[in-house]
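Chemist: Guided by the hints, dock chain X onto chain R, whose structure is given.
Protein sequence lines, in the order shown, are assigned to chains R and X.
Following this note's numbering, the numbering of the first sequence begins with 1 at its first residue and continues without gaps.
Following this note's numbering, the numbering of the second sequence begins with 1 at its first residue and continues without gaps.
To be clear, the hints were calculated from the coordinates, so they are not data collected in a lab.
It is possible that part of the hints are untrue.
One copy or any two copies: either way a pair holds, since identical chains are not told apart in the list.
Taking lysine to aspartate or glutamate pairs in the DMTMM-like style, the calculated list, with each CA pair at most 20 angstroms apart, reads [to be verified]: (1) LYS440 with GLU420; (2) LYS38 with ASP108; (3) LYS63 with ASP327; (4) LYS63 with GLU52; (5) LYS226 with ASP15; (6) LYS226 with GLU434; (7) LYS63 with GLU315; (8) LYS397 with ASP381.
2 protein chains.
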Amino acid sequence: MAKIQNKNDAITSRDVDFAQWYTDVCRKAELMDYSSVKGFIDYLPYGYAIWEQIQVQLDKRFKKNGVENVYLPMIIPTSLFNKEKEHIQGFAPETLVATLGGGETLSDPLIIRPTSEVLFCDLYKNLLSSYRDLPKMYNQWCSVVRWEKTTRPFLRGSEFLWQEGHCLFETEEEARGNALTMLEVYDEVGRDVLAIPFVKGRKTEHEKFAGAVATYTIEALMHDGKALQAGTTHYFGQGFAEAFGIRFLGRNNKLEVPHQTSWGVSTRLIGAVIMVHGDDNGLVLPPAVAPIQVVIVPIRQEAEGIMPTCNQIKEKLVEAGYRVKVDDSDRTPGWKFAQWEMKGVPLRIEIGPRDLQEGKLMITKRVNGEKISLSIDEVVDKVPEILEQIHQDMYAKAKDQLDHSVVDVENLEQLNAALEKGGYARMAFCGEEECELKIKEATKGGTARAIYSEEVPEGTLCPVCGKKATVIVYFAKAY
Amino acid sequence: MAKIQNKNDAITSRDVDFAQWYTDVCRKAELMDYSSVKGFIDYLPYGYAIWEQIQVQLDKRFKKNGVENVYLPMIIPTSLFNKEKEHIQGFAPETLVATLGGGETLSDPLIIRPTSEVLFCDLYKNLLSSYRDLPKMYNQWCSVVRWEKTTRPFLRGSEFLWQEGHCLFETEEEARGNALTMLEVYDEVGRDVLAIPFVKGRKTEHEKFAGAVATYTIEALMHDGKALQAGTTHYFGQGFAEAFGIRFLGRNNKLEVPHQTSWGVSTRLIGAVIMVHGDDNGLVLPPAVAPIQVVIVPIRQEAEGIMPTCNQIKEKLVEAGYRVKVDDSDRTPGWKFAQWEMKGVPLRIEIGPRDLQEGKLMITKRVNGEKISLSIDEVVDKVPEILEQIHQDMYAKAKDQLDHSVVDVENLEQLNAALEKGGYARMAFCGEEECELKIKEATKGGTARAIYSEEVPEGTLCPVCGKKATVIVYFAKAY
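The following block holds chain R by itself, in its conformation from the complex (with noise of 0.2 angstroms):
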């Protein structure tokens, strides 16, 4: 690595403070800004241009699965709110709420969206008429607000973008079908598209979402050891749809009420992104996500023939549809090799007068430092594999990680221990809630992430009430 010599020397190590870190690495990778209201935050073009990258994979991946685009409004009604009890309950202490409209006070104040189950809720009841008009399977873009007292970039933030999927479907059968198609899909953007593997399953019933039968989850696991919630599919049995009074004429030629699924993920994900992959020297970008996948450094830029090198380098990796810079600024090489390690670029090529004269340039992966000299009539054909390469290495890397994270325990002792080296410890319990209660506060703040598995070895038995155990259960500390 570049020995960082400019305004990024600032940057705290990720061992010494890991929340400094995150702070330092969003703000002078250019990610974001604080914006004048606490907990909102200005996405700047760096940040912005990884979540297009985002939304592009996701949207094609949906458009596959036959899911369509709509947009909703960005209000809810309270007295629409209110229609699901439950669901009340989770969102109604973090609401952000306009009661002026036009200089006059709103007779049903408005809800800023937290989510919109009720407002899909209230579309598909108009639109549904027969079992020939299901699946509906509908998704939006947008941001939502939910009023956070603690906030942090990316993580946790009083408004954040997402999608939502919203879906209904003739059967509970194919309403599960799609809760997980959809986590395979999200599953999959980590692993193929963001390099970050998941632990993923079921929600216990404690940590599901409000007024959904089951919800499943993918988990990332953070450099320090603590776990990140990065994607969620709910499915919602008919709560909703009967609370709303959505019907549909079944194939008996009866009223029937639908089946129901939602599913999301955020900006978060820009967060695990940082988290996962980042160093002490900045962002580590995987290179489907980054909105420059290689820098061309020239050195001595002003010798004869080393610009145009670049920049037709550069030309011929743009046709071939790469995202490229050619960093011509006036700053010395070493400071431009600093700054596009911290906007973490996967890949930098270096091109001076002696590489230009044998013929050659020099290339260096963000992911590990490693320097591989090519002739430059290959490098154009070279890159698609060796961003392929770094793509391999980064998902591994972290995949090891994870792997290594994972031990398992049989009481709270161990779990406690467990969670406080960091990473995921497996244990077996009841199940109730009462009990993950216990043991939130047994571990200070361990929680249940995901159920491992429903089969549990005949005879073990809860750790904190005795009772049957039920399920085997991801608990880690949490963002």
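Modeler: Structure of chain X alone, referenced to chain R:
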């Protein structure tokens, strides 16, 4: 055109009741639905897909011009909003205001963004230090809220989707240039994407944007003879920057105030597409933004070879980058014809058993009902040029209507008569707000849409006040 023989037959004729025709098309083509809050609409898949295509076309042109995408909060603190006086006066009456957050009364109520000038200023204030940081050209895709009393789908709503570009420049010349460049981008998207010609020019003092030094506009002509403002760009001078304390260290090493622009288009463009191109059978979509560009309707789909042939043609066209649907539903061909005409699909392909035997198929253009018999082998090669021809025909037709609508008038009587008939009337006047308001009154709502020329033949007087005329203006009744 196929005989309307399905649910679509309820569509009102354009010339009987244009407003009702518009609403019918919006609903029957399944572009939108009304939400449960007055003035807010649900964008359904078919309507939203048109917006997605418009976004792609605009976004790539923005990026080519060096614009970067960002995302800023959806809320503006009242205290911040109040910093630019003219701006407040323009928007204050139609704001939606949140006063409760997390169950508590907010000390500084939050305005749901009606536009984001002040947020961009607040951000730029922190980002800008030297002239080297300029220009800054940021854009965001989002929705905005304006508490409107009278609303119509896509044309005027309490919430709409749009893009808003906000840029800072070192000099007035660059900033004015940017306002005109972006106007050209909009004009190009009209011509090359939406097949919509515009009248364009600077807005009069009375019609310009709150807080702007100069506003430029593109105005389309609807089938009913009314104008529709389809997009605007603004040169702000240094007013906002002064109010928000934005400074940079100039080349002369002194603190300077940057020059600012903003520019935006919205889902109103969907309304323009409907009202410029639509006919009594429904939507007519320009190929570049049609969610389905080619629909293939099998005749006697159970007959041998029909479906495989339809699917083969589809696959080849999809491979070539087109958006294609095979309608293999159990409806009759006649129903399908009417359905896809309602939805404005530019090109229909029919294949029946006799066609298949002869190795032929029939193509029908939505825009004019023209039929072309093609051999099955050549269809994939021919579709691109046929779609291009459709685009050209649609543009030529709209351009012809626009050009023929324009008349030159010299006094209020003539103006009134011209605006009664519909279309644009060009008239010279003094340019003062007072006279403009009198013109509006005398013509029962005729407004200055855009300045045609600032060069007025010597001796021309304002028909209202009798003083020297300074501008020739396009007047029209407008949406």
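Chemist: Decide, hint by hint, whether the structure agrees.
Modeler: Hint-by-hint comparison with the structure:
no. : hint               : result
1   : LYS440 with GLU420 : within (13 angstroms within a copy, 74 angstroms between copies)
2   : LYS38 with ASP108  : between (27 angstroms within a copy, 12 angstroms between copies)
3   : LYS63 with ASP327  : between (37 angstroms within a copy, 18 angstroms between copies)
4   : LYS63 with GLU52   : both (16 angstroms within a copy, 13 angstroms between copies)
5   : LYS226 with ASP15  : within (14 angstroms within a copy, 66 angstroms between copies)
6   : LYS226 with GLU434 : neither (23 angstroms within a copy, 66 angstroms between copies)
7   : LYS63 with GLU315  : between (31 angstroms within a copy, 16 angstroms between copies)
8   : LYS397 with ASP381 : neither (26 angstroms within a copy, 48 angstroms between copies)
The structure fails to meet hints 6 and 8 from the earlier list, while all remaining hints are met.
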